[in-house]
Amino acid sequence: MAASTRVFILCKSPSKSALYSCLHNHIHRHLYLSSCLGQETTATQKPQKEIHIPKKKNRDPTSVLQALSSTVKRDPTASPYMFHDDPFLLPRNSGERRRYALAAESGRKAAQYVINKWPEHFLAVQRDSPKVEAFYPPEKHYLFGDPSEEAVLERVENSDMKEALEMFYKLLDTGSAVSMETSNALLDLLCYHGYSGEPMPEEQGASAEAEASENSESTESTDPSEADSKGQAWKKRKTGREARWKENNDIEKLFNTLQERNAHAYCSMVRGMIKHGAATKAFIMYNEMQERGIQADVQTYNALIKGVVYIREDYMERWKVIYQLMKQMHLEGVRPNLSTFNTMLDDLRIMGVVGRKKALQTVSEMKAIGVEPSLGTYNLLLMIFYKDSLPPSDVLYDIMDTIDGTSFSLRHEQDVFFFKNAMNICLSLKDLELAYRVDLLLNTGENYKLAGDYFAQNVYYGKFFNLICLMDSVDAMMEYYEKLVPSALIPNAQVYIEMLRSMETAGTYDKAAVIWKDICHFSHHYRQPLLETLLSVMSQATDADNKLTSEFFDIAMEIKLVIAASKSRRDPVEWRSSSLTHLALICLKAKQLDKAWEVLDLFKEENKLPGNILLEEYLEACIEASDNQKAISCLQFVSSVSSTLALQFIDRVKGQLTLLPQERKKIDAILAEEDLDEAGAQ
Numbered sequence: 001m002a003a004s005t006r007v008f009i010l011c012k013s014p015s016k017s018a019l020y021s022c023l024h025n026h027i028h029r030h031l032y033l034s035s036c037l038g039q040e041t042t043a044t045q046k047p048q049k050e051i052h053i054p055k056k057k058n059r060d061p062t063s064v065l066q067a068l069s070s071t072v073k074r075d076p077t078a079s080p081y082m083f084h085d086d087p088f089l090l091p092r093n094s095g096e097r098r099r100y101a102l103a104a105e106s107g108r109k110a111a112q113y114v115i116n117k118w119p120e121h122f123l124a125v126q127r128d129s130p131k132v133e134a135f136y137p138p139e140k141h142y143l144f145g146d147p148s149e150e151a152v153l154e155r156v157e158n159s160d161m162k163e164a165l166e167m168f169y170k171l172l173d174t175g176s177a178v179s180m181e182t183s184n185a186l187l188d189l190l191c192y193h194g195y196s197g198e199p200m201p202e203e204q205g206a207s208a209e210a211e212a213s214e215n216s217e218s219t220e221s222t223d224p225s226e227a228d229s230k231g232q233a234w235k236k237r238k239t240g241r242e243a244r245w246k247e248n249n250d251i252e253k254l255f256n257t258l259q260e261r262n263a264h265a266y267c268s269m270v271r272g273m274i275k276h277g278a279a280t281k282a283f284i285m286y287n288e289m290q291e292r293g294i295q296a297d298v299q300t301y302n303a304l305i306k307g308v309v310y311i312r313e314d315y316m317e318r319w320k321v322i323y324q325l326m327k328q329m330h331l332e333g334v335r336p337n338l339s340t341f342n343t344m345l346d347d348l349r350i351m352g353v354v355g356r357k358k359a360l361q362t363v364s365e366m367k368a369i370g371v372e373p374s375l376g377t378y379n380l381l382l383m384i385f386y387k388d389s390l391p392p393s394d395v396l397y398d399i400m401d402t403i404d405g406t407s408f409s410l411r412h413e414q415d416v417f418f419f420k421n422a423m424n425i426c427l428s429l430k431d432l433e434l435a436y437r438v439d440l441l442l443n444t445g446e447n448y449k450l451a452g453d454y455f456a457q458n459v460y461y462g463k464f465f466n467l468i469c470l471m472d473s474v475d476a477m478m479e480y481y482e483k484l485v486p487s488a489l490i491p492n493a494q495v496y497i498e499m500l501r502s503m504e505t506a507g508t509y510d511k512a513a514v515i516w517k518d519i520c521h522f523s524h525h526y527r528q529p530l531l532e533t534l535l536s537v538m539s540q541a542t543d544a545d546n547k548l549t550s551e552f553f554d555i556a557m558e559i560k561l562v563i564a565a566s567k568s569r570r571d572p573v574e575w576r577s578s579s580l581t582h583l584a585l586i587c588l589k590a591k592q593l594d595k596a597w598e599v600l601d602l603f604k605e606e607n608k609l610p611g612n613i614l615l616e617e618y619l620e621a622c623i624e625a626s627d628n629q630k631a632i633s634c635l636q637f638v639s640s641v642s643s644t645l646a647l648q649f650i651d652r653v654k655g656q657l658t659l660l661p662q663e664r665k666k667i668d669a670i671l672a673e674e675d676l677d678e679a680g681a682q
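Note that UniProt numbering numbers the sequence shown so that position 308 is 308, with each residue one more than the last.
To be clear, the hints were calculated from the coordinates, so they are not data collected in a lab.
All figures in this text were calculated on a predicted structure; none of them were measured in a lab.
One should not assume that every hint holds.
[Stated by the list, open to error] Distance windows between CB atoms, simulated:
#1 Leu102 - Gln324: 25 to 31 angstroms
#2 Glu673 - Ala506: 46 to 52 angstroms
#3 Asp543 - Leu68: 36 to 42 angstroms
#4 Tyr136 - Asp398: 49 to 55 angstroms
#5 Ser626 - Gln648: 16 to 22 angstroms
No residue lacks a Cβ here, since even glycine has one placed at the ideal position from N, Cα and C.
Please model the entire structure based on the sequences and the hints provided.
See the structure below:
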């Protein structure tokens with residue numbers, strides 16, 4: 001518009017042709033200037049890099065499924081994937097979860113027994129691709145029957161230790177030389193399993209489990225100052241394991257028969273001894289390696305660091321040995337890895353003050369050499385600095401400041417315990433904001449995969465939800481309840497008790513009916529503490545409207561039926577005076593005098609005495625309703641409980657109710673009985 005104005009100002013010719021000519025010249029001049037400016041701009045721009053589009057990008061075979069999975073969120077109404085997709089079969093409490101896990105394991109053992117007992121019925125049909133060898137019975141017919149290295153390796157491949165060892169000795173008897181690779185493969189298998197010529201653990205699993213259970217029961221309350229037998233049990237619990245490495249066993253015999261013992265053989269022996277409880281022998285063999293100039297690898301040093309706690313009692317002595325091992329690694333040029341430092345922290349975890357002093361130094365050294373800590377590293381720090389006997393620490397706050405928003409992957413066996421222990425600490429600190437930070441970290445990236453198994457997740461969400469009930473609002477509590485139950489959390493009775501206490505504190509009771517419905521669904525309606533808490537919360541609700549009062553009355557009547565039905569159970573729910581009082585008060589608030597009188601009859605049946613407050617409330621309800629008959633019945637009931645209170649009630653009834661002559665006679669008769677009782681007492 002401005003350009004057009006300038007044209008009309010410059011061209012003041014009255015003729016139309018002159019005006020068109022002026023416009024034509026101006027437009028050409030404008031296009032010329034724009035073209036020149038465009039060329040200058042193009043000349044000053046840097047040439048862009050050529051974009052090469054690849055013809056093909058290598059992707060993971062499950063990349064499409066992963067992309068689809070990322071678009072789907074967890075269904076809070078669905079049952080956990082490990083259970084059958086059937087509401088009737090879904091475990092509803094800890095006992096049912098334990099029975100479910102035992103049944104599943106029993107089914108796997110039974111299936112394995114059947115397929116091993118009658119393999120011919122299963123090997124005839126093999127349609128799985130790829131074939132999973134672990135699902136098939138062990139091969140009893142080998143391709144190589146004559147003594148040879150191939151025969152030994154074939155039996156090692158099938159983890160048949162007894163047959164492999166026998167074939168190895170047969171091969172030696174023929175005078176044939178066995179290669180170092182075959183000898184090391186057999187030695188690795190035997191050291192890993194701790195073979196001693198005895199039945200394998202799966203063959204004696206039941207007896208071993210029973211023995212372990214018996215040992216755990218016998219050491220439950222053992223003191224080190226007691227008799228020798230119990231002192232031995234204390235020692236087992238203190239060391240954490242029992243030595244399974246027998247003296248001069250088949251593994252040592254095999255090792256001694258090797259004409260050439262290289263570093264691989266020594267390292268396998270040391271790791272096997274540490275794993276199976278022979279830490280002292282492992283360090284003796286390590287010293288032999290040092291004398292012969294044989295260098296250990298990083299896995300062997302990790303095993304030696306793990307075994308330090310079994311050869312030294314004093315904390316400083318343990319640290320000196322660990323420090324010496326780390327120094328030797330540096331001299332030999334063996335680079336420590338994540339497992340090295342996590343093993344050190346695991347040792348420091350049970351080294352008291354010394355452990356707490358050296359733990360942070362260990363993590364600093366870890367970062368200095370470029371080893372990135374894993375969630376397991378931070379979990380071990382939590383276990384070092386947070387104990388019941390120690391004051392609160394700020395370590396978890398520092399850890400969260402460091403790893404907020406970080407996505408982790410599984411790198412160590414301790415990684416799956418971080419979130420559960422961190423949430424337990426948040427609960428002990430009563431820090432809701434810190435708990436929300438931990439939960440946000442869990443839902444960052446794929447960190448949810450490190451929450452542990454289903455039972456560990458149930459513990460995590462149980463602690464988290466318990467803290468929300470204690471510290472957050474009822475709305476937030478119900479929001480997380482709907483989000484977590486039952487997909488991530490199967491609540492126990494204590495969870496519902498905390499929810500009810502939170503509702504009572506906030507004075508919000510509109511979700512009581514929903515909670516009672518879920519209590520029945522998860523089979524907690526026979527839990528006496530939970531029923532008593534629910535009755536107490538409903539009876540003490542002061543601001544409940546008519547609709548809510550009616551809901552409370554319906555719930556109370558259902559509870560009454562539940563307790564009556566529990567009489568046939570092995571552990572029936574017993575009526576207590578407080579529970580009956582709360583039940584009667586709920587009936588009175590709902591204007592249900594008949595039901596309240598039935599509760600007073602329950603006091604007589606259960607040999608309980610109602611409190612004065614309940615009796616006063618009942619009489620007040622009778623007076624308010626102008627129900628003379630129930631008021632007189634109340635006087636008769638009170639006269640059998642307390643004479644003093646009966647006299648007070650008689651005065652109130654006479655003064656506040658309009659009585660018929662017959663009703664006055666009944667009251668006078670009650671009064672006369674009270675006078676006779678007082679005279680007899682005098």
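Comparing the hints with the structure gives:
| no. | hint | result |
| --- | --- | --- |
| 1 | Leu102 - Gln324: 25 to 31 angstroms | violated (46 angstroms) |
| 2 | Glu673 - Ala506: 46 to 52 angstroms | holds (48 angstroms) |
| 3 | Asp543 - Leu68: 36 to 42 angstroms | violated (49 angstroms) |
| 4 | Tyr136 - Asp398: 49 to 55 angstroms | holds (51 angstroms) |
| 5 | Ser626 - Gln648: 16 to 22 angstroms | holds (20 angstroms) |
In the structure shown, a violation is registered for the earlier hints numbered 1, 3, in ascending order.
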